[in-house]
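Colleague: Line order of the protein sequences matches chains A, B, C and D. In this text, residue positions in the first sequence follow my numbering: the first is 1, and each later residue adds one. In this text, residue positions in the second sequence follow my numbering: the first is 1, and each later residue adds one. In this text, residue positions in the third sequence follow my numbering: the first is 1, and each later residue adds one. In this text, residue positions in the fourth sequence follow my numbering: the first is 1, and each later residue adds one.
FYI, nobody ran anything at the bench for these hints, they're computed from the structure. In this text, a Cβ means the ideal position worked out from N, Cα and C, and glycines have one as well. Hints are supplied without guarantee of correctness; some may be wrong.
[As the list claims (entries may be wrong)] Covered by chain B, according to a simulated footprint, are these stretches of chain A (three or more residues, beta-carbon under 8 Å):
1. 232 to 246
2. 330 to 336
3. 354 to 363
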Amino acid sequence: MENIKELILAKVSDAVIEDKQYLTVTVKPEDLRTLAKMLRYDEGFDYLIQLTGVDYGDSLGVVYLLAKSEDMAVCIVIKTATADKENPTLPTVSDMWKAANWNEREVYDYFGVIFINHPDMRHLFLTERWKGYPLRKDYDAGRDVNPLDLKSYDMSDTTVSYVSEGDGIKKIEKNLFEEEDYVVNIGPQHPATHGVLHFRTALDGEIIKKIDANCGYIHRGVEKLCEGLTYPQSLHFTDRLDYLCAHIYRHGLCMCVEKAAGIEVPERAEVIRTIMDELQRIDSHLIAWSCMCQDMSALTAFIYGMRDREKILDIFEETGGGRLIQNYNVIGGVMADIHPNFVQRVKDFIPVMRKGLKEYHQLYTGNVIARERMIGVGVMSKETAIAYGVTGPSARASGIHCDLRKMAPYAAYDKVEFKEIIRMEGDSMARYMNRLDEIEESLHIIEQLIDNIPEGDFCAKTKAIIKLPEGEYFQRVEGGRGEWGVYILSKGDKTPYRMKFRSPCMTLVNAMDTISRGGKIADLITIGGSMDYIIPDIDR
Amino acid sequence: MKSVYNYIISIFKAVYSLAQGFEITFKEFFTKKITEQYPENRKTTLVTFDRFRGELVMPHDENNEHACTACGICMMNCPNGTIKVVSKMVEAEDGGKPKKVLDKYYYDLGKCTFCNLCVLNCPSKAIHFQNTFENSVFTRSKLQETLNKEGSKMREKNKE
Amino acid sequence: MEVKDIKIKGISYDEFKDNDSLEKYVEELRANGVGIITGVLDDIINWGRSNSLWPLTFATSCCGIEFMAVGAARYDFARFGFEVTRNSPRQADVIIVAGTIVDKMAPVLKRLYDQMAEPKYVIAMGSCAISGGPFCNSYCVVNGVDEFLPVDVYVPGCPPKPEALLYGMMQLQRKVKMERFMFKDKEVKENE
Amino acid sequence: MFDFSIWTNWIDQFLRTNLPEFWALAIEFVVVGVIILALYCIIALALIYFERKICAFFQCRLGPNRVGPYGIFQSVADMLKMLIKEIIPINHTDKFLFYLAPFFVLIASILAFGAIPWGNGLQILDFNIGIFYILSVSSLGVIGILLAGWASNNKYSMIGAMRSGAQLISYELSAGLALMTIVVLSGSMQLSTMIEGQKDCWYLFQGHIPAVIAFIIYLIAGHAETNRGPFDLPEAESELAAGYHTEYSGLQFGFFYLAEYLNMFIIASIAATVFLGGWMPFHVTGLDGFNAVMDYIPSVIWFFGKVVFLMMLSLWVRWTFPRLRIDHLLDLEWKYLLPINMVNLLVMVIVVIYGWYF
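Extracted from the complex, chain A is given alone in its bound form (with noise of 0.2 Å):
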């Protein structure tokens, strides 16, 4: 790593390097290209994990969270701020890394920083009509301002974009759509989005021409509401957000504020937070099977799907009181010691689920027509997955090593053996059996620490008010549909200064449009399936 900071210093000579939890590079706006060109082409820093927006106060900045596809563990942070709080600019980067698209109208959304020759800088949660910028330290978050509205208005057709010309930006505005196009609206309320998703559909008869989507229909600002709240507090919004990995990104959450304040967790919180990690993680992936089978009709398989899935939320409910969302997890450890009944119910579980995945190999992967719909449909290049950002299932069926478990491991992860589950062809059939072969990688895991689960506390003694020294603070886990992270800015007190989630499914949706071209209505249904984003994830 020395020989990059020499480097960075050649490119940009008044870069300021610090040495923290990853190495953090903060650049004035102007030099921002510069250097993120050199960490793109020539340093192989690929993947743009995180883009988060910060108001410091005085100024507003962007903060990003690089990585190599070669080695995920490998980090790099840039920080660049621009002190013009009326008319924030900053240059983009989405023409380096496409998942910066999306990430940037974020920004644009939360701060209001126009992003320089972005291509389509709209609104992308909020509606046009929005008033202010919900996460500036200014805000007013009064209703008064932005009364609820319950007339229906026409969505724009046009995408806007700023370019710099001499001293002045212009504004440049594009159709979205030609004119003879027929558009169809799959969404907000449509049974195959997974959510409240809207996807406008150009088709040309069955084919898709182009698709926009629009998120924001369940944006519910819990960024916002996590700097009002004490982290413990905190802590229930991480399970509402992707609510099939509700345990996961818990478990996130409190690793990062463990981290922060060293707190030592006990092993036996570790081994249970694992176990109960890869049970969700098999029930998000049961999930997912049994959505994508029912997306593409087959409803029987739907409901094998769901009713394997019962005796997973049978085991979260006795442990963990809760069926879906369990509040399991606490920051130091786990809630309460599991239930006496636990080893043995998972244990019952276990063959259970393998002849489940035989049921299902039998009845559904093997069957022609669901074959036919799925190999070679809505294919997601290596090269399409790393400039999206795209990781996850998704992003292994199509050759890319991000298992964060084995590349950064975490809890009891290094303590058990695992093969990571690669696949080359990148298609809905490789996503697909990627999730089902995760779920036997799971059961393995399981097996391996469910007779092995050490004595000892199930939680460490914290204080009654937890407060993180000042800092930044990131944390990834490998969640069921691809990479979390949690970004906490303290500034010393008992709420963050700024909380950042990373949505996988963000990636996901993000490339939605460039891999179903050219597929008919049918194969977008069926890619949506096997991309398996989850919309509450998206918005937040």
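Chain A is fixed; fit chains B, C and D onto it per the hints.
Modeller: Relative to chain A, chains B, C and D alone:
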């Protein structure tokens, strides 16, 4: 010739794969169904786990006494203002310092997220979650409950 | 017909919660000069309507998964005749608002409700739909769908257990059985 | 075998002797019409219940069981609700066609329904071109679906209707050719003659290999014609919300719903009549005792037994497979079913010419 061969083979393969699916559903047709018949099984086979959090309750003993000291820690810990503790000052009978006692303990079931922070942080173990789930009502105001019963008192420590 | 005569298989009248609201509702209908369930024909029609409440497939977040679970094998709302979830609001009888409704979604939900054919009902499922739940202090979350929809039954929980939703559906059945067909008394509700 | 025509002839005679011919005919028409409509409703309701129950069993759940004993009144409750549900008038639709479309679908299925031989002597229409008649009237339904999709002024409906058009027109070919194979064998298009021809041995066995192939193709094509999964592309719930009937509510939707189930019944009963001998009992040449026992079972029961069996097959398919994509659907028809069918027809002709059938 090869293509004709492949054509015929593909038909047989397809039929075989469909037959596999038939086999699974056929077997399932005759296996025992797993449906739990909810309202009928309420008194017999319905299992609700002890730890399941259905609604917050404040246990009262036979003397209509509870353990809440009206300290308000639960109210502070609640992330979204579900709990509201209203206390009042009562003159002590022996003329000593006025004491803070619980007047009303408001709890909004329709807002609760069941995060358990109130119960975990309660110093006097005055509240806990109960596993009842049959709480549907026709009016929203019915969900705003007062947990302490009419005329209830705080349990004296020395009685225990 | 008295309120007490309404029977739901499996649970007796006294075991149901919130009977007084139901009785109050009936009295209000009477006070407005509406003869409550007079003939055998009405009884038959209400029997049909209450046993065939087809929900709209509508879900925004977590509660949607529990809604799916109710449809799946273990809880199986087909037993009650609610199984035919319609994707088109025109054919649905009840909209189960499962999940948070935010400012951007509210007009869409309102429109969906308007597209439904009478008689139609609304169930608010989960804390978010009842009051905004975990997100009630947020800058863009609707604090309860009853701000713009006439909610018939509130099912608390975050998310509610599948059984709790079934219980809520049975509460709705009781309410449906109270009404005279072709007359859904929305005005009374708005007066409240 | 009891011949129901004794009854019907007696009624006819009775009316004609007591009334002028015009009135006698008028009364007969009304009675027959009422019977058809009543049967139509009863069968549709029974089928809806039947399907829900069977589907539930495939999916390891119980299905309706709270409305009446075993839930048998479930579909009655649905019907009652549907009857009083509001019919929403929709702006920007082609009003006339919009209201006409459900009737078209319904009438097409009623017309085909009228020509089905129910039992020995129980058949309302017995043309000498019976099969041809059924094929042509059942394909009228597609017009209703196209109208519904077009008149709704809804993009989902439009795509659904276009899909339906492509699908029905292609599969009509296969269904027709498959039936033609048996027409070659039987030498008649009249349903009653065809049933008589199966007195000793059903056509499925008489025509052995080519008949079996035609039977399978007819089941596939017929299933596709009813727009039910895995061929339910015009509705395609996960893609097009509710396809061509997205905008229909209340009773109009009820018509589509009924017609869908009745079409399933009609396809099954044609297959039963043409391939499995209709109401004709199962006879084995030589075993007279066995044949006599078989004759003892009423012909109506034979007919319904066969139809229910075929519908079970259809439901089994429906609840096992995922939906096809539109291009695969057309591939299946034009690349597989149609060529096989044509070769099969030729084989059948050769079989018949050389007399290689039983």
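Colleague: Look at each hint and say if it fits the structure.
Modeller: Here's how the hints hold up against the structure:
With a threshold of 8 Å between beta carbons, the proposed coverage of the segment 232 to 246 of chain A by chain B holds, since 5 of its residues qualify and at least three are required. Evaluation of the coverage hint for the segment 330 to 336 of chain A: fulfilled, as 3 residues show C-beta separations to chain B shorter than 8 Å, against a requirement of three. With 3 residues carrying a beta carbon less than 8 Å from a beta carbon of chain B, the segment 354 to 363 of chain A meets the three-residue requirement, and the given coverage holds.
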